[in-house]
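**Q** Since the structure of chain X is already known, use the hints to place chain Z on it.
Residue numbers (our numbering), protein chains in the order written: chain X, 1 to 246; chain Z, 1001 to 1118.
These are computed hints drawn from the structure, not numbers from a lab. There may be inaccurate statements among the hints.
Here are the simulated lysine-lysine pairs, DSS-like style, with alpha carbons at most 25 Å apart [stated by the list, open to error]:
#: 1; chain 1: X; residue 1: LYS146; chain 2: X; residue 2: LYS116
#: 2; chain 1: X; residue 1: LYS45; chain 2: X; residue 2: LYS17
#: 3; chain 1: X; residue 1: LYS193; chain 2: X; residue 2: LYS125
#: 4; chain 1: X; residue 1: LYS231; chain 2: X; residue 2: LYS119
#: 5; chain 1: X; residue 1: LYS45; chain 2: X; residue 2: LYS4
#: 6; chain 1: X; residue 1: LYS119; chain 2: X; residue 2: LYS193
#: 7; chain 1: Z; residue 1: LYS1074; chain 2: X; residue 2: LYS231
#: 8; chain 1: X; residue 1: LYS193; chain 2: X; residue 2: LYS116
#: 9; chain 1: X; residue 1: LYS231; chain 2: Z; residue 2: LYS1087
#: 10; chain 1: X; residue 1: LYS146; chain 2: Z; residue 2: LYS1074
#: 11; chain 1: X; residue 1: LYS146; chain 2: X; residue 2: LYS219
#: 12; chain 1: X; residue 1: LYS219; chain 2: Z; residue 2: LYS1074
#: 13; chain 1: X; residue 1: LYS231; chain 2: X; residue 2: LYS219
#: 14; chain 1: X; residue 1: LYS146; chain 2: Z; residue 2: LYS1087
#: 15; chain 1: X; residue 1: LYS231; chain 2: X; residue 2: LYS193
In this text, all values refer to a predicted model and were calculated from it rather than measured experimentally.
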Amino acid sequence: MAEKRITLRATRYDPDKDAAPRLQSYDIPFSDDSMVVLDALNYIKSHVDGSLSYRWSCRMGICGSCGMMVNGTPKLTCSAFLRDYWPGAVTVQPLNNFPIIRDLVIDMEDFMHKLKSVKPWIIRKQELPLGAGEHRQTTAQIEEFKQFSQCINCMLCYSACPVYGLNNEFLGPAAIALARRYNLDSRDEGLTKRLPVIADSEGVWECSFVGECSVVCPKGVDPAKAIQQTKLDTTLRFTLPYGNRD
Amino acid sequence: MPSTWWTRNRRYFLYVVREFTALPMALWLLWLLYDIKSAGNGAANFQPPRSVPFIAFSAVCFIFATYHSYTFLKLAGVIIHLRVLDKTVPPRLIVLTMFGLWALATIVIGAVLIGFAR
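With the rest of the complex left out, here is chain X (with noise of 0.2 Å):
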């Protein structure tokens, strides 16, 4: 019986050498049904080409390192199957919106000085000391942010945002899910540092709700969700009286 094999189509892109990217096709093995797109380009890395450039580390769904554009779609490599496209050829592209380095190889710069800037940690306006105990929460005080906690900055969201890619200076969906998932937490006191980013003009009210963002998140997360209530925030707090006490 014949080995079942895939067409792979990546881009490869050098830019000391290339004006533009470019495709190109590799007819690989496809051994099992449980393999993915990841473990496509670790072949191709592995056995055909090694100049083959991506980011990849846990392939367990959990580092968002491996998001790239397959067959059109912001998805994890790790978590597209081969066996949904087969026989029908794979192309894989790295994510829109981003300028490339090389190949399937992104620069992120611009999302990681998105992502600081909204604070995303816990700020207090008072540390205690540690033997002070710890900040106690009930299950429905965690539940309120929970879903927003799954980020795993995979920049999907960035990917499939056509305002993002329209207007690069959006703040975009993922930084805005997570200092939403701060400002939501009762342990949290730092919304008052957060609102000048988030409530800015290149903030929330750039999105205008496409909503593609929660489509392709691969952790349910629901960016759009958080944008939305952070508009209706930051409105009731500039509308009503006292709205902008800390």
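**A** Only chain Z this time, still in chain X's reference frame:
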């Protein structure tokens, strides 16, 4: 970003349709403002537009307005986060309430307009 980005998938396309519906509605509302101003000159001088193209345009605007309102209210469950008696109100209930209020407002406004017309 290519100018054809909105043809990449169905959801992008529906988003652009949703946003586009605001444009004809804005034009129709501009006409309404003009007509209200004309009506201020007295009933004798007021001539409401009755041409077939205008009625067709109004019908299209009505469909667009309905679609825009539907998409907006459908998202209310995502946007509004309410807690009553320490429990989160289900998004579905919020959406149903929004559509109920929409229907009620339509009936009230319709009744008022018909009442004035008589």
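**Q** What hint numbers does the structure not satisfy?
**A** none
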